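Student: Residues per chain, in single letters:
There are 4 protein chains.
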Amino acid sequence: MVTVGIIGAGRIGKVHVESICTQVKNAKVKTLADPFINDDTESWAKNMGVEKVTKDYHEILTDPEINAVLICSSTDTHSPISVEAIKAGKHVFCEKPIDHDIEKIQEVIDALKTSNVKYQVGFNRRFDHNFEAVQRAVAEGKIGDTHLIKVTSRDPEPPSAEYVKVSGGMFLDMTIHDFDMVRFLAGCDAEEVYVEAAVLVDPAIGEAGDVDTAVITLKMENGAIAVIDNSRKAVYGYDQRAEVFGSKGMVATSNDTASAAVVSNADGITGEKPLYFFLERYMAAYAKEINCFIEAIENNTDTPLGVMDGLKPVLMGIAAKKSLDEHRPVKISEIV
Amino acid sequence: MVTVGIIGAGRIGKVHVESICTQVKNAKVKTLADPFINDDTESWAKNMGVEKVTKDYHEILTDPEINAVLICSSTDTHSPISVEAIKAGKHVFCEKPIDHDIEKIQEVIDALKTSNVKYQVGFNRRFDHNFEAVQRAVAEGKIGDTHLIKVTSRDPEPPSAEYVKVSGGMFLDMTIHDFDMVRFLAGCDAEEVYVEAAVLVDPAIGEAGDVDTAVITLKMENGAIAVIDNSRKAVYGYDQRAEVFGSKGMVATSNDTASAAVVSNADGITGEKPLYFFLERYMAAYAKEINCFIEAIENNTDTPLGVMDGLKPVLMGIAAKKSLDEHRPVKISEIV
Amino acid sequence: MVTVGIIGAGRIGKVHVESICTQVKNAKVKTLADPFINDDTESWAKNMGVEKVTKDYHEILTDPEINAVLICSSTDTHSPISVEAIKAGKHVFCEKPIDHDIEKIQEVIDALKTSNVKYQVGFNRRFDHNFEAVQRAVAEGKIGDTHLIKVTSRDPEPPSAEYVKVSGGMFLDMTIHDFDMVRFLAGCDAEEVYVEAAVLVDPAIGEAGDVDTAVITLKMENGAIAVIDNSRKAVYGYDQRAEVFGSKGMVATSNDTASAAVVSNADGITGEKPLYFFLERYMAAYAKEINCFIEAIENNTDTPLGVMDGLKPVLMGIAAKKSLDEHRPVKISEIV
Amino acid sequence: MVTVGIIGAGRIGKVHVESICTQVKNAKVKTLADPFINDDTESWAKNMGVEKVTKDYHEILTDPEINAVLICSSTDTHSPISVEAIKAGKHVFCEKPIDHDIEKIQEVIDALKTSNVKYQVGFNRRFDHNFEAVQRAVAEGKIGDTHLIKVTSRDPEPPSAEYVKVSGGMFLDMTIHDFDMVRFLAGCDAEEVYVEAAVLVDPAIGEAGDVDTAVITLKMENGAIAVIDNSRKAVYGYDQRAEVFGSKGMVATSNDTASAAVVSNADGITGEKPLYFFLERYMAAYAKEINCFIEAIENNTDTPLGVMDGLKPVLMGIAAKKSLDEHRPVKISEIV
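Protein chains in written order, with the numbering used here: chain G, 8 to 343; chain U, 8 to 343; chain E, 8 to 343; chain B, 8 to 343.
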């Protein structure tokens, strides 16, 4: 039984509290820490079976009963708390991204070098049933050598301009998941990236210095070409698809819907929209990634997504921004 | 918070233990009773958070802390334990069917007349996301007046001949779910049933006096015609579909699959099979039906499936058997 | 090159003129006969390449250049003109049904006994690409032994009450195609039929003595059970589907649409309706059945649908009407 | 009635002979010219109703009865014969591409300036039912402002290395159709193109100086971003899809198949592959484009695809090649 402390009681922190309390075997949440925790959250957590609630996450790091820490706090705290937790000897699950600053990620890498703790990054989509099935088909050779990878990733609603300003930009905030997905499906790293992007959804996003629509082409180390298309606003819901094409065929996945019901009437044949957003689509994936983290601790094996898997998509995101700024293809090797 | 006792620790009893312990809010399992309970089940239950395990279900009925009982024991005990539990003042959730004998069901109905407890029957499919969506479309008038109802229900593997002998026959064992589904989708009762059936899957089923393949036509009180097709063996998995056709259109649902991944290669375009069987397909529905039962207790409202909803499909099953035996359409009113 | 005369210049006669003139190799239409032919039709036919237009079909039967006759006149004339044409030594393609009266069909059978001409009945749906693919899968053993056959057949609009009165009733007018389809998919004849039917679409149809909605169950000679569902009005268009289920799997077909375009928006994911009616859905099938007829003449082989294939669905339709009237299952052997 | 001469009796020339003879009203083929025409083709053409066959296309250009010419000869002859035909006062339908050399296309443009003949280029895919439906949805505003356009275009088999050497390269030979499709769906021209391409299908294609796999990103004049993915070899057949995403939703089309039949068995749920190649997929589109050409002549209206529509995709193809060679985004305005 792994005893867990969770740092950060925002949306994603609560997701992990709930899934550990209800769907993760061999783990329990002892402590939930958040400087701004309120009474509602406290009583909700207690009701879920969390033993202790605190404003100070150091109470987690210093608790000898706690084996593992989930870092769900704001992005700028991910890397310093990661280092603190590693030094405190706790296994660490860190939400994505580890940091927008490569040097800060390097500090985490360095801390791990002199430690035996497990480290996992929260790229939850790898644990989604659809993307898992696509990757499995590729890994099993069902499509032969990979030639083309296509990832569609569109949010149902754009973030506020305020959020955009502190988000690190679309590539580090949103596309970073797709960069990870491309690495997952390709089974290798990207060499080069080219971005074509625009502000088509909301001028306020442009005024905040960001883009909201993009097509991102990547050359992969195995020779395959990948392409990601992003939009901050798909009115029909969260659009999360992937397609991998190769010498022996293609594997592709469409979206999940709330039901398979289809209405046929004078207007046409109408099925349900994709599930609204990431909480609806990926709830099972959130539970599964934590189960894998707990298993890696219990069996003393590698986590499925180590610190380097946290670094690589950040490099890709920085290269993408550079490509947009300089209007040219940028090699990933230019970044570090 | 409703305190629950569960009688029967077989497959379905365990499903309810697990879903209450992990997915049903406002309920906890205090006691699990089964005359044949073994050490493995006991330690599994304790691990899930069940407080007490016993061989004698009377310990549940006499426990003043326990508000509600789930009857998951063998079919022949459903009605007598229902009566006992009602008399003990416990709310009752009873797995389907209440009984194969109408008089026994009548005893439950009688016991409820002088009691204020809630009673719910376990027709779990009404809580499946797909069938719920179909029924909702019908209820909202999206297809106008209902003219035709089609239910496909095929199991992936036939039961053993031993099971068949004690099952009450396919209509009371398997089709009973489809009879309930037809009532659910039609929003009314059946008037008449006609059966065309055969032994096409396994001769041993025929030797045991049963059939394994059937097309069952029903005339509904609202004038609609319903048709159920059953097979005990669909090699591609559990096939559970429904279609309702009316004056303004049609609503239909196909099956759920493990993923939406589709492989295109020289052999064709291939998606996944339906989920294997009821445990895979209906796990969420099992949790949802118990949530509704607990809510009915907490809010003192009617359960979604009362004792009469338990009786009606049994009448339809008995009429179906009579239709098969006498090779003619049989009115439901002939049965009681 | 087969020289053809076409008797009847109504909707279906024109379909055959057009397909022979544009899509059928090795055949040409020399003469088109219709007692009510007008100038528009005449100039249209001439424009299509038809050599001669007449009001008297005897000019076709007596023309030594004409090898083959297509009988597309009103249903009551099908059998007498068939007999005349056979006696005149012409190969005959006769639209369905040959007749509603079994004795009249018997006269055609008798005429054929002393003749060497080819005779084909116009059950066009056997030549549809979708139903052909379903039948081929069954015939190739892909689904093993057949257990269940399901045919859905719904028209987009009901006929007028006037038409209904002279139509012979829904079973001989509309379901007759589905009876043929069941025979085609089963690869054998029906033994027994049971009908559950109602007037749900248009009371005027009921007043005309007919039904507009039905579920028809058939026991087939190979042990399979077939079920047809019919409606005279599907607001979403012509609904023509089939499903065959067996020991090794299932093959099914959905409808054709004008395009594969799908719109995703805030209302859902919407594809196109089925093609509107038989002229849209079966145009290619009409050309294909005539091609097969011409090939049978040229190669002196059996036509794919002989006179007995014209008789059998009529027997099924008469048995269906008897089942409806007497409210019981009726054996086909009761009819003749 | 338009009298047509067809120059070139290769694969595509025969397609046009057949469709005009069978599916195009108001047109007839008087003469078919090809320097290498053989007896088989001659007798086939005569059988189709072609009056005259010749080795010298000048017999077409000098025939006063012939109003319109279809140029289906080898690519290098398209522009000179176009000029000759225009000067001879014939309406011209010219297969794509007009030429690989912009100056040669300019000569056609110049010839048209002093002529009143109609000129149409053979981008047949615009007349495909699926792409028409997608474009119509966009044009009708169903998806709002266009943000993203995605075109998938993959051939079932790569051409021979010999063909590749004279083909003008993949962008002018194959992608040129997709460049036209992007213009069709966007309703405007491209401003800039970026290519990521590779040799992944056949090394011989690389040795011939070409690529066989590509992802091509385009910035459109209306601000939308388009992306084309190409492969010379999709083992599952001709893959021709498009998706347009905008402020109010998305419209997309998948492929056509030979039938809608789906087999469910122990291996999964399998539908048919896309139609094999362009002759199977686009036969109806070939007939439709000629119908539109004939209508434009008869009604004295603009053809749907004028000479500038022939020029633009060539510019895009040349820019794409330059992008590949110089490994940078290239503006279309750099080309001319």
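Treat the hints as calculated values from the structure; they're not laboratory data.
Everything numeric in this text was worked out from a predicted model, so none of it was measured.
Watch out, some of these pointers could steer you wrong.
From the structure, some residues in chain U lie toward chain B, with a derived Cβ separation under 7 Å [said to hold, decoys possible]:
hint	residue
1	ASN123
2	VAL242
3	GLY275
4	ILE276
5	THR277
Residues from chain G that keep clear of chain E, each with C-beta distances beyond 10 Å, as calculated [unchecked claim]:
hint	residue
6	ASP63
7	VAL242
8	THR264
9	SER271
10	ASP274
11	ILE276
12	THR277
13	LEU282
14	PRO311
15	ASP332
16	ILE339
No residue lacks a Cβ here, since even glycine has one placed at the ideal position from N, Cα and C.
Student: Are the hints correct? Go through all of them and say.
Tutor: Going down the list of hints, with the structure as the test:
no., hint, verdict
1, ASN123, "violated, 49 Å"
2, VAL242, "holds, 5 Å"
3, GLY275, "holds, 4 Å"
4, ILE276, "holds, 5 Å"
5, THR277, "holds, 4 Å"
6, ASP63, "holds, 45 Å"
7, VAL242, "violated, 5 Å"
8, THR264, "violated, 8 Å"
9, SER271, "violated, 4 Å"
10, ASP274, "violated, 7 Å"
11, ILE276, "violated, 5 Å"
12, THR277, "violated, 4 Å"
13, LEU282, "holds, 12 Å"
14, PRO311, "holds, 32 Å"
15, ASP332, "holds, 33 Å"
16, ILE339, "holds, 34 Å"
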